[in-house]
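> Sequence:
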Amino acid sequence: MSYLLPHLHSGWAVDQAILAEEERVVIIRFGHDWDDTCMQRREREREKEREMSYLLPHLHSGWAVDQAILAEEERLVVIRFGHDWDETCMQMDEVLSSVAETIKNFAVIYLVDISEVPDFNTMYELYDPSTVMFFFRNKHIMIDLGTGNNNKINWALKDKQEFIDIVETVYRGARKGRGLVIAPKDYSTKYRY
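First residue of the sequence shown? That's 613 in this note's numbering, and the numbers climb one at a time after it.
Just so you know, nobody snuck in bad clues.
For lysine to aspartate or glutamate, the following EDC-like pairs were computed, each having C-alpha atoms within a straight-line distance of at most 20 Å:
id, residue 1, residue 2
1, Lys751, Glu684
2, Lys772, Asp798
3, Lys716, Glu686
The hints are simulated quantities; they were obtained by calculation from the structure and are not laboratory data.
Assemble the whole structure, with the sequences as input and the hints as a guide.
So this is what it looks like as structure tokens:
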């Protein structure tokens, strides 16, 4: 995935990158992008990406997103907005694909690449690498996670059971007609540790 990282094309650029960082450690990998080891690593990363994001259905247009939300009358619609190639999205996609079968009776999961479908970027403020939103009967269901942003989950959850608990809570609240649901766990301290 070297194409995701900044490339330094001269000695001057390397010096500037090192000098610009006063408080953080700078890690530089010197090598050839065409080198066998680098290519094998890149191929393994691409294979993992394909495994995660292609297990779940993609929506390729704004119309398809609208139809997916409108079509579901009884189940919660979970949409992950982001980029398939992004590391945070891949982590979230791994969790989503692993829980999809477990929650299929009350929730359906879709993926939307925000470069391919930019229609909702401004409306839902989709500026984060990975964003998960919930919809029920054509209504956006907000969730209070303790972070101050009740519209979405904008980080990758790593615990499958944690995500299942969130989806169950949102589904139960949405079935009762609630537009805002309180999460089963407070995430206000997630960046402190």
